[in-house]
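Asks: Chain by chain, the residues run as shown.
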Amino acid sequence: MTELLQVIERTLAFVSKPARYVGNEVNSVHKDWENSETRVLLAFPDIYEIGMSHIGLRILYHVLNEEPGVLCERAFAPWTDLERLMRERDIPLFSLESWRPARDFDIVGFSLQYEIGYTNVVNMLDLAGIAPCSADRDKDSPLIIAGGPCAFNPEPMSRFIEAFIVGDGERAVLDVIAAYRSWKKGGNARQDLLLDLAKVDGVYVPALYEAQYDASGRFRNLQGLDATVPEVITKRTIDDLDAAPYPTAPIVPFVEIVHDRLAVEIMRGCPGSCRFCQAAAIYSPARERSRETVQELLSRGLESTGYEEISLTALSSTDHSEIQNIVDWVREHFAERHLSISLPSLRFDSFSADLARNIALEKRTGLTFAPEAGNERLRHAVNKKIDDADMLGIVESLFGLGWTAIKLYFMVGLPTETREDLEGLVGLATEMARLGKRIAGARARINVAVSAFIPKPHTPYQWEQMASEDELNEKYRFLRSRLRNRQISLSWRDTSLARLEAAFARGDRRLGEVVLKAWQMGSRFDAWSTELNIDIWRKAWAESAIPFEFCQVPPPSPGDPLPWQHIDTGITTDYMMKQREATYSGCAFSCHL
Amino acid sequence: MCVFMSLVRVRYRKGRSVRFISHLDTARALRRALNRAGVAVAFSQGFSPRPKISFGPPLAVGHLSETEYVDIAVAEPMVAEQLAERLNATLPAGMDVMWAGKVPAGSPSISAAITELEYTVALHSSDVSGGEEALRNLHHALERYRAVETLVVERERKGRIQRFDLKQQVPVLDMNSGAQGVEFVVRISVSKGGFPKPEEVVRAVFGLDEEQMKGAVITRTDVGFGSA
Numbered sequence: 009m010t011e012l013l014q015v016i017e018r019t020l021a022f023v024s025k026p027a028r029y030v031g032n033e034v035n036s037v038h039k040d041w042e043n044s045e046t047r048v049l050l051a052f053p054d055i056y057e058i059g060m061s062h063i064g065l066r067i068l069y070h071v072l073n074e075e076p077g078v079l080c081e082r083a084f085a086p087w088t089d090l091e092r093l094m095r096e097r098d099i100p101l102f103s104l105e106s107w108r109p110a111r112d113f114d115i116v117g118f119s120l121q122y123e124i125g126y127t128n129v130v131n132m133l134d135l136a137g138i139a140p141c142s143a144d145r146d147k148d149s150p151l152i153i154a155g156g157p158c159a160f161n162p163e164p165m166s167r168f169i170e171a172f173i174v175g176d177g178e179r180a181v182l183d184v185i186a187a188y189r190s191w192k193k194g195g196n197a198r199q200d201l202l203l204d205l206a207k208v209d210g211v212y213v214p215a216l217y218e219a220q221y222d223a224s225g226r227f228r229n230l231q232g233l234d235a236t237v238p239e240v241i242t243k244r245t246i247d248d249l250d251a252a253p254y255p256t257a258p259i260v261p262f263v264e265i266v267h268d269r270l271a272v273e274i275m276r277g278c279p280g281s282c283r284f285c286q287a288a289a290i291y292s293p294a295r296e297r298s299r300e301t302v303q304e305l306l307s308r309g310l311e312s313t314g315y316e317e318i319s320l321t322a323l324s325s326t327d328h329s330e331i332q333n334i335v336d337w338v339r340e341h342f343a344e345r346h347l348s349i350s351l352p353s354l355r356f357d358s359f360s361a362d363l364a365r366n367i368a369l370e371k372r373t374g375l376t377f378a379p380e381a382g383n384e385r386l387r388h389a390v391n392k393k394i395d396d397a398d399m400l401g402i403v404e405s406l407f408g409l410g411w412t413a414i415k416l417y418f419m420v421g422l423p424t425e426t427r428e429d430l431e432g433l434v435g436l437a438t439e440m441a442r443l444g445k446r447i448a449g450a451r452a453r454i455n456v457a458v459s460a461f462i463p464k465p466h467t468p469y470q471w472e473q474m475a476s477e478d479e480l481n482e483k484y485r486f487l488r489s490r491l492r493n494r495q496i497s498l499s500w501r502d503t504s505l506a507r508l509e510a511a512f513a514r515g516d517r518r519l520g521e522v523v524l525k526a527w528q529m530g531s532r533f534d535a536w537s538t539e540l541n542i543d544i545w546r547k548a549w550a551e552s553a554i555p556f557e558f559c560q561v562p563p564p565s566p567g568d569p570l571p572w573q574h575i576d577t578g579i580t581t582d583y584m585m586k587q588r589e590a591t592y593s594g595c596a597f598s599c600h601l
Numbered sequence: 006m007c008v009f010m011s012l013v014r015v016r017y018r019k020g021r022s023v024r025f026i027s028h029l030d031t032a033r034a035l036r037r038a039l040n041r042a043g044v045a046v047a048f049s050q051g052f053s054p055r056p057k058i059s060f061g062p063p064l065a066v067g068h069l070s071e072t073e074y075v076d077i078a079v080a081e082p083m084v085a086e087q088l089a090e091r092l093n094a095t096l097p098a099g100m101d102v103m104w105a106g107k108v109p110a111g112s113p114s115i116s117a118a119i120t121e122l123e124y125t126v127a128l129h130s131s132d133v134s135g136g137e138e139a140l141r142n143l144h145h146a147l148e149r150y151r152a153v154e155t156l157v158v159e160r161e162r163k164g165r166i167q168r169f170d171l172k173q174q175v176p177v178l179d180m181n182s183g184a185q186g187v188e189f190v191v192r193i194s195v196s197k198g199g200f201p202k203p204e205e206v207v208r209a210v211f212g213l214d215e216e217q218m219k220g221a222v223i224t225r226t227d228v229g230f231g232s233a
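Those protein sequence lines, which keep their order, are chains A and B. Under our numbering, the first residue of the first sequence is numbered 9, with each subsequent residue one higher. Under our numbering, the first residue of the second sequence is numbered 6, with each subsequent residue one higher.
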């Protein structure tokens with residue numbers, strides 16, 4: 009063992025859950041370092057248990073390691089106990105597979121899943137001994153790239169990331185590798201690499217653009233600094249999921265991860281068009297994997313992993329045209345295996361009691377639905393068309409089938425929301441609780457999870473004003489005072505965190521300074537309630553050159569330039585404006601795409 | 006449904022690369038290895054059936070083992086050696102089946118059968134600073150320990166204090182030294198009321214600090230089966 013390996017091994021004896029950092033899981037890929045031409049490190053800015061639950065990371069790991077001459081390893085954010093020891097003992101950020109320093113890789117790619125993880129990216133770069141800001145990096149530093157939902161407004165992270173991959177990554181990442189390889193053979197300057205990368209479809213290289221602001225500090229324009237860079241970056245889209253690569257032998261973690269099961273993506277995109285939803289926009293159009301391919305991936309995946317639970321994942325799995333057939337097949341085909349089936353993010357309007365009978369063959373604990381809004385009026389206004397009666401009918405049959413807990417996701421602060429709509433939420437949850445108690449008895453649970461509506465780029469609500477902290481807290485107090493049923497538990501996401509997420513979701517590149525300062529002041533793992541210190545952010549914001557109060561950037565008006573306007577999802581501004589208007593005019597039904 | 010069932014006892018080792026995998030995670034890894042091997046494991050009856058697999062005393066996170074035991078209820082006709090072979094093809098790297106054999110009907114459960122655990126605690130010479138003199142001190146400490154009637158260690162957990170008398174619960178304590186460092190041999194009696202950990206024994210007897218102990222490579226080398 010090298011000295012670094014010994015130091016790491018010894019250090020792991022002092023930290024919580026050391027198994028997060030040791031790799032060697034079944035199906036992890038250990039390619040030969042010396043014989044690999046291009047070495048890529050996939051970096052996830054959160055802990056192992058979260059990063060390994062992410063399908064995108066698993067797909068890219070598979071795609072890259074299948075590619076001849078490419079080696080791909082993983083790194084996750086070390087928890088604070090390990091970070092402290094790494095800094096004390098000069099241990100650099102290291103990969104799981106070979107415990108090699110991140111700095112030794114050619115390319116480090118970050119997965120940006122949520123805005124609240126941004127300081128972890130900076131922290132991981134710093135732990136790796138890589139200058140956090142692209143402009144400060146030397147020619148031997150790895151190329152720092154990123155992808156994921158946050159690449160759809162890349163500006164707040166544009167000073168740290170050299171190239172963003174926008175959209176589906178499984179083919180785009182190979183194009184980036186190809187561009188990197190030919191640049192490396194040529195032995196040219198770093199600037200040439202950036203220019204080459206900017207020519208790859210779906211790749212955005214922020215350093216080749218300059219942002220302009222007006223006298224009041226509002227965003228005006230993003231100007232290309234070189235004639236060859238594209239004005240608009242169109243997201244990459246895989247047309248045929250059946251032809252797209254998907255891991256047949258996914259890694260089986262030792263530690264129990266958040267989604268500890270065989271996940272097969274049965275669908276990408278969502279056929280719904282809820283007006284608040286960014287995922288529907290960035291993963292559009294809705295595409296299915298065929299039943300045959302799904303079955304093949306399930307068979308091979310179960311054989312290679314030995315998992316006891318499978319998950320058929322999608323933004324809305326019950327919208328797959330053959331969901332019932334797939335579930336029936338699993339039930340018959342693996343009858344001896346004692347398998348459980350889970351379906352994430354269910355939609356009431358496409359869910360049936362027949363399906364309920366066949367999922368979760370072994371355990372019937374909880375199911376999650378997202379009514380999003382409390383009553384039919386508001387649901388129709390945001391284009392989530394589902395009736396109270398349908399929901400109550402499904403919940404009634406679920407309790408009858410043996411389920412004991414139903415989780416409901418709601419948003420508060422949606423456009424046009426009134427007190428009456430919140431009363432609708434209370435009424436709906438209370439009615440479900442009543443049904444639960446009648447059918448399943450005292451152990452019936454309705455878990456109501458409420459979060460603040462956050463206006464997101466590329467949605468019809470990108471121009472909306474978000475509710476203030478006071479307004480949101482008032483709404484929460486109202487719900488808390490009214491949801492006083494023994495069967496109901498209410499959870500609430502921190503309001504200040506939601507406001508922060510909103511600021512970064514629609515932020516421009518100046519917010520990069522806030523990220524950097526917040527990191528310098530010690531911000532890490534802000535998505536973790538035990539670690540979040542909102543005062544750091546307040547201070548970092550105040551000390552940055554942002555001409556607005558903390559999290560008080562005024563929303564853009566229709567027609568205003570948008571900091572993310574150079575990113576094209578294929579959904580037109582005109583369509584989004586019409587959808588927004590429909591919210592206020594109430595013509596929810598005629599405006600469906 | 007296959008009604009055939011036999012209980013197979015498996016002894017496996019846990020090497021350095023899996024030393025940080027906890028007992029629960031190891032159990033899950035073994036279950037999945039059985040699934041990959043296509044071994045039909047018997048399940049318990051009832052509302053939430055569970056595979057009938059039972060483990061010996063948990064191994065602490067960070068410890069290696071040459072001798073871990075698990076009993077697996079197999080629901081298909083199979084000789085024990087076959088099970089060993091199939092498991093070895095699918096277990097994670099660092100876990101290897103060393104032996105497998107049928108458990109005769111009526112035998113005590115594996116957790117009841119194991120009455121003693123033996124460990125080696127190896128300290129690298131760089132962790133025993135002070136050279137010859139430090140080594141002499143360790144020998145003196147061992148002699149002093151052998152001469153006393155009782156040596157009680159305390160463990161505080163969730164506000165409750167547990168006490169173990171090492172003279173009662175540690176039938177073997179020895180040390181060997183060489184150029185590489187020192188190695189302590191600790192044999193501990195398993196008791197329902199609790200028993201000391203090898204680190205606790207070495208720390209209490211030899212006065213080593215936590216940092217030194219964290220550097221130690223601790224290996225479960227043997228288990229003792231009671232005569233019951």
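Hints are computed from structural coordinates only; laboratory data are not their basis. Ideal placement from N, C-alpha and C gives every residue a C-beta, glycine not left out. Just to be clear, a hint being listed does not mean it is correct.
Listed next, the stretches of chain A that the computed footprint assigns to chain B, with coverage defined by at least 3 CB atoms under 8 angstroms from CB atoms of chain B [to be verified]: (1) 27 to 38; (2) 63 to 73; (3) 261 to 267; (4) 504 to 512.
Below, a list of computed lysine to aspartate or glutamate pairs in the DMTMM-like style, where the Cα atoms sit at most 20 angstroms apart [stated by the list, open to error]: (5) B:LYS57 x A:GLU317; (6) B:LYS219 x A:GLU57; (7) A:LYS25 x A:GLU57.
Asks: Work down the list of hints and note, for each, if the structure agrees.
Replies: Outcome of the hint check:
1. A count of 6 residues in the region 27 to 38 of chain A with a Cβ less than 8 angstroms from any Cβ of chain B is obtained; the coverage claim is therefore met, three being the minimum.
2. Check result for the region 63 to 73 of chain A against chain B: violated, 0 residues qualifying (beta carbon to beta carbon below 8 angstroms, three or more required).
3. With a threshold of 8 angstroms between beta carbons, the proposed coverage of the region 261 to 267 of chain A by chain B holds, since 3 of its residues qualify and at least three are required.
4. Coverage of the region 504 to 512 of chain A by chain B is violated [criterion: at least 3 residues with CB-CB distance below 8 angstroms; count 0].
5. A C-alpha spacing of about 18 angstroms is found between LYS57 (chain B) and GLU317 (chain A), which places the hinted pair at or below 20 angstroms, so the restraint holds.
6. A threshold of 20 angstroms between alpha carbons decides the hint, and for LYS219 (chain B) with GLU57 (chain A) the separation of about 25 angstroms lies outside it, so the pair is violated.
7. For the hint pairing LYS25 (chain A) with GLU57 (chain A), the CA-to-CA distance comes to about 10 angstroms; that is within 20 angstroms, so the pair holds.
When the structure is compared with the earlier hints, violations turn up for hints 2, 4, 6 and for no others.
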